[in-house]
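Asks: Whenever a hint applies, use it, and build me the whole structure from the sequences.
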Amino acid sequence: MNRRLSLFNVTSLVIGFAFLYLPILLLVIYSFNASRLVTVWGGFSTQWYGALFRNQSLMEAAWVTLRIALLSATLATVLGTLAALALTRYGRFPGRTLFTGMVYAPMVMPEVITGLSLLLFFVAVDFDRGFWTITLAHTTLTMCFVTVVVQARLMTFDRSLEEAAMDLGAPPLRTFFSVTLPLIAPSIVAGFLLAFTLSMDDLVVASFNAGPGATTLPIKIYSQVRLGLSPEVNAASAILIGIVTLGVISATLLSKRSTLNSRRNAH
Amino acid sequence: MIERSLIRRLTSGLVPAVPYLWLGVLFLVPFLIVLKISLSDPAVAQPPYKPVFEWSDIAGFLSALDFENFALLTEDDLYFRATLSSVRIAAVSTLLLLLAGFPIAYGMARAPERYRSLLVALVILPFWTSFLIRIYAWIAILKPEGLLTQALMGIGLISEPLDILNTEIAVYIGIVYAYLPFMVLPLYATLEKMDDTLLEAALDLGSTPWRSFWTITVPLAMPGIVAGSLLCFIPAVGEFVIPDLLGGSETLMIGRQLWSEFFSNRDWPLASAVAILLLIILVMPIVIYRDVEARRVEARP
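Keeping their order, the protein sequence lines are chains A and E. Position 155 (the first sequence) corresponds to 155 in my numbering; numbering is contiguous. Position 141 (the second sequence) corresponds to 141 in my numbering; numbering is contiguous.
Derived from the structure by calculation, the hints contain no laboratory data. Among these hints, one or two may not hold up.
[What the hints assert, rightly or not] List of simulated lysine to any residue pairs, SDA-like, C-alpha gap at most 25 Å:
1) A/K256 x E/Y115
2) A/K220 x E/L125
3) A/K256 x A/A185
4) E/K193 x A/T11
5) E/K36 x E/P48
6) E/K36 x E/E75
7) A/K256 x E/E293
8) E/K36 x A/M107
9) E/K36 x A/F127
10) A/K256 x E/L122
11) A/K220 x E/G248
Replies: Dropping the structure here:
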């Protein structure tokens, strides 16, 4: 097929990507600004990164955020993978419609509703707000994203491999661990990384469920941003952008390898 | 042998049961609690609402529930205006997103195949960077003495500082910026599959490019247009961060109202009633979206 890019296509791509990337780029550039005024360039300096690492409460919040993200992403990966298996391998089980609804709803539900409803639940069962409530809330919020990623993989791969293993007498659990799991592993890792970044990023759900003991980085950043621009926030943002960029690049490479593998398997 | 197959059935039964139970407890039950508290009265206590559920007094509990909070929502026209303005802002933003996203998705679909996955990754990348940070970046740009003003004054396009921050225009810019990947990706997915020979045939038969765009490209891209629009419209209605950081104090949005009822006024029952109101507005779009998604997933080869 002969597809050619017209001038209009190129222009819209250039403008589109400039619009997407310029604000982030400016933010990172101005994190190296020597001036305290965020929008006035006063020479190159890494002083805000130093100030950031000396800011005890910000570093503490970063550590809490990281622990919550690791824990909730791990839980979400297990639950999301189970849900994906249930949706692709279990046909019609009782309550399937409700189940699909519950899996997809948190993805489009406004975060204020998810956050408020979980908080009211924790208050009703008398669960102290803090580290664990945010972790449970993030697990619930992110597991559906894992489900969608793993489900897409489960639907495209060759079922005959599983059937062959079963025909040769492998019990279902063994078949799962030695055939299915290695095949869907890249999508599970990709799902984990998505859950992790979503948790690191979330402000609204965490704000509702945070307690006096646990403040996350987005909550900290938000309260500083409301007071005005701060070069320290720029520096913190630049570091977060760096982490996420690395995460997304590795997730992309992993999923690329998995499609290559599945193509190889198909031949 | 019987014992082993029993264990097998039990372990395989756990696969749907565990996530089912999790979502039931942490998604469905919280929802019912919101519904219940929206029918309760605020109280100066911990938790700040009454009645509190007691198994021993179910009748008393039920009789204490009423629709007072919802009556309050209809009495004070603040909520009516906030609802209207949320839907309006979300609808205008969705339209702007469609106008901005279509040329980008179209350009991506026509790019040489070896660049396409890179372009997709480039669209996704900013979407995974912190939402809060991406909105924060715009404050420095849109401020009266900010980077946009500096740039435009530098090339002599304007002589006075632009005052966009804390207006509705800034909210539109923020929503379009933050949600652009949600619009571009579904559009790209449908446009990429489009058969170019249809356009060639139309051109050969004497149709103008403009006309073939409206009679061929747009109808074929319809599933992507619907999915992308809903994917942007639904969360935009309940948006909190963007109107709070970029909008002015007069930018009314229902998500922001819920937040302030909860955090500033500490009126949990009223906040719950606002959540139910928001959900009622969004039920239709969410159901349509689920339907479109289910059909899309099934249609996949």
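Asks: Hint by hint, which ones does the structure fall short of?
Replies: none
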